[in-house]
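Peer 1: Take the two lone chains, each set in its own frame, and fit them into one complex as the hints suggest.
As given, the protein sequences belong to chains A and B, one line each in that order.
Residue numbers for the first sequence follow the numbering used here, so the first one is 29 and each next one is one higher.
Residue numbers for the second sequence follow the numbering used here, so the first one is 4 and each next one is one higher.
Treat the hints loosely; a few may be bogus.
As the list claims (entries may be wrong) - One side of the interface only, derived from the structure: several residues of chain B facing chain A at Cβ under 8 Å:
1. G63
2. V64
3. L101
4. L137
Everything labelled a hint here was simulated from the structure, so no lab data went into it.
Treat the numbers as computed from the prediction; the structure is a model and nothing was measured.
We put the beta carbon where it would ideally sit given N, CA and C, even for glycine.
The residues making up each chain are set out below.
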Amino acid sequence: MSPRITLATAERVLRQIRHDPRTIALLLAVPAVLLVLLRYVFDGRPQVFQSIGAPLCGLFPFIVMFLITSITMLRERTTGTLERLMTLPLAKLDLLVGYGIAFGALAAAQAAVVCVVGFVFLGLNAPHGAWLVALLAIGNALLGMALGLFVSAFAATEFQAVQFMPALIFPQLLLCGLFVDRADMASVLYAISWALPLTYAYDALAHATSPGPLGARLAVDALVVVGCTLAALGLGAVTLRRRTA
Amino acid sequence: MTDPATSGRADAIRVDGLRVVRGGHEVLRGVSLGVDQGAVTGLLGPSGCGKTTLMRSIVGVQIVAGGTVSVLGLPAGSVELRRRIGYVTQAPSVYGDLTVLENLRYFARIVDVGRDRVDEVLGTVGLDGFEARLTASLSGGERARVSLASALLGRPELLVLDEPTVGLDPVLRADLWRTFHALAADGATLLISSHVMDEAAECDDLLLMRNGALLEQVTPSELRRQTGRDDLADAFLAVIETASDGSDG
Chain A
29 MSPRITLATA ERVLRQIRHD PRTIALLLAV PAVLLVLLRY VFDGRPQVFQ SIGAPLCGLF
89 PFIVMFLITS ITMLRERTTG TLERLMTLPL AKLDLLVGYG IAFGALAAAQ AAVVCVVGFV
149 FLGLNAPHGA WLVALLAIGN ALLGMALGLF VSAFAATEFQ AVQFMPALIF PQLLLCGLFV
209 DRADMASVLY AISWALPLTY AYDALAHATS PGPLGARLAV DALVVVGCTL AALGLGAVTL
269 RRRTA
Chain B
4 MTDPATSGRA DAIRVDGLRV VRGGHEVLRG VSLGVDQGAV TGLLGPSGCG KTTLMRSIVG
64 VQIVAGGTVS VLGLPAGSVE LRRRIGYVTQ APSVYGDLTV LENLRYFARI VDVGRDRVDE
124 VLGTVGLDGF EARLTASLSG GERARVSLAS ALLGRPELLV LDEPTVGLDP VLRADLWRTF
184 HALAADGATL LISSHVMDEA AECDDLLLMR NGALLEQVTP SELRRQTGRD DLADAFLAVI
244 ETASDGSDG
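Bound conformation, chain B alone (with noise of 0.2 Å):
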């Protein structure tokens, strides 16, 4: 677990108690948990389990139910914060009847920056010579990049991204790992959720979820300690039995 006194890093996220019901149905079921200022954070857990409504509570625009959020020590959804995140949705979320380069100067335009800097996010994301390709003709993981250059343009201190390798090549996912460790070093914290487990071992800090709750806070070097399984996939198995163990019990 982390404990943000014997680690000696600030939180950039605080989550206490997060109950989030959505049609009639509980989504989150008192989820808490603390994610480490300037880390890598995985949320990681099958479909359907509650990370992309966890991240959308995080951001601010998900209704909650109760519970508290708070975000580089601002409560979720401030005015202040919408500077400083910056979150991709699982869908690409950019105009498909626009360029790459119509999209990211809109997007650009709106967060205060210049030219410069679309041109820096589209060597980050590899789309370099893309800019007047229409954002509709591409394929999947490229939109899908668009998307993700959008949310870096300014720069923001905690990056949200909602399955952000999905669908990519394994020489791109690479790279993209590279880029979210850069990030991280320059003092970004990012949230990355997945449901492939091998994405994992990138990640220092794991949260791992199931049925709208957390199961457990650790580092990967932790859980495969833990579970005594090397494999990240094996040990997240491990801990789904020991947790409906517990609770058959």
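Same shape as in the complex, but just chain A (with noise of 0.2 Å):
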């Protein structure tokens, strides 16, 4: 691995990106039209608004960069140019740690924008402070990232690799007790929410979005997001092959 490639590679990522700026406007003013849609939907039962939009803000990241990720790798892997990478001097660990720091430098730029949409223009509360909920943000960004990363391997095209969205990140965010607490599951799914990683993300968001000690429960929750993030990597870079059939 050799940083000179790997900063090359996220420049290149972010670069493609620039080209192409509607997609950078979607990414930047849908999760905050999204927010404010959510404030007003909710507009007599503020209480509420609190409860799922403030954790929401850390969570859209998550669920745009397995988006973007796993249609980008897709494309290098139709397009060829991951076969020229692969002949090339360019270690695997290059490629994910590049797209890992292009994908999180515009997954911060994302949580910015919601963060202050959310918690300065629409009254969400951050009572360990706002930056907390835009680094959890950029955390989760990652984790979706890498899960996009993984699942690429098993689209064969862009219309495969869009339905992975509700087939693998719909189950999560319903199960992660963003809608309803875990507790009131049946108790099958909530066995079953142990083993998402969407669920310890959401923990860490909800705890840094309510009053009260943050204490070893967030480090804990962070813990396994970052595991998760390094397992799905770790995953990712098997399914990177220099040889193919």
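Peer 2: Structure, rendered in structure tokens:
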């Protein structure tokens, strides 16, 4: 692995996105617009908006980066650029970490916009500071990126890649505790929810956006999210084959 | 046949009994050949005969079922070879959503060469003035040349080019062949596939393939003499006929 190649890869990915201003605009505006929508959907129940909207600020980047990464990597596979890279002196980690830096930066911008809109303009509370929500959002974005990278290996077309979002992300959103307290779910679902990475991502955000001590719980959540990210990256690295059939 | 002992040149590529199976179908059926260092070798045969698979095996991205491939004295796919081989796939493998310059600068940073080298290869492939153009907006032939330029950046000792002249106009095609000969004169080894026999005359040595097997390895002049045909396409047909006569009888 070489810092020169890793940074070159990160820069290349960002330049690709820069040539697509509409994607950047959507990336930055859509989460904020959805949050405004949510604010007025729960116009009469501000406490519900707080309990869903505040953690959601840190979950948007997870969802978006999952989708963007799986499609970008799929394109890399189908246009032959991945095969070219595999014949060059580029380590798989250069590619994976390069993607991580690029999408991490993008997630930071997205998180910054949605947090400003949510915590400054829409009156959401972040008792431990909005910066903590933004920081968790970046971590969650990297988790989404790592998962997207991994599942891109199982998609042959962009249509398939898009379907992986409802297939893999929606169930996690439903089970993570964002909409319903996990303790109120059927016991089977409650048990399953322990095995899903988004549960821990949400738990960290829920603690960061409610009063009370943060404690060891947040540390455990963060550790699980980091662990899952690394595991997914490792699996993603396995799917990047120099030799193919 | 090229015999390294008599040609006096070292083998840049040595393939022995190479077998490749894809989807239960034997795509390469025991191919053996040698490619001279510093020569332009043409890999010719109809579409689907296994040219691309052979090239992929040589650059080390193909899963092989049997046989050995050594490149520049090392097993194909060795880490050391990634700096020494340039591979250009048939479909241009560059980023459509980057400009020509951004594409080349990315690949230049991977092989660790500077901006001056980027300008140099742009000139080599005749893309001066295209720097700021978005790659996706280029014609097929122009995109193919961006792909070729990317492979030239690191001054590779071995260039493996899969149908680099397809879809190019005759003037440009002649230009590129001049470039290929110049690269060989500088000591590079070139393996170039084509399904157009009129390009065979440009090569120092020919590998004639059909149905996943190597029919013959000859020089263009030898091929003409052997078959008594002046036109290389006719000569190739004659070789195929002889080969199928041999297998029938």
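Peer 1: Against each hint, give a clear statement of whether it holds in the structure.
Peer 2: Tested hints:
The closest approach between the C-beta of G63/B and any C-beta of chain A is roughly 7 Å, which is under the 8 Å cut-off, so the hint is satisfied. Taking 8 Å as the C-beta cut-off, the interface hint given for V64/B holds, the closest approach to chain A being about 6 Å. Evaluation of the L101/B hint against chain A yields a held restraint, the C-beta minimum of about 6 Å falling below 8 Å. At its closest, the beta carbon of L137/B sits 7 Å from a beta carbon of chain A; the interface hint therefore holds under the 8 Å criterion.
Figure legend: structure checked against the earlier numbered hints; every hint is met.
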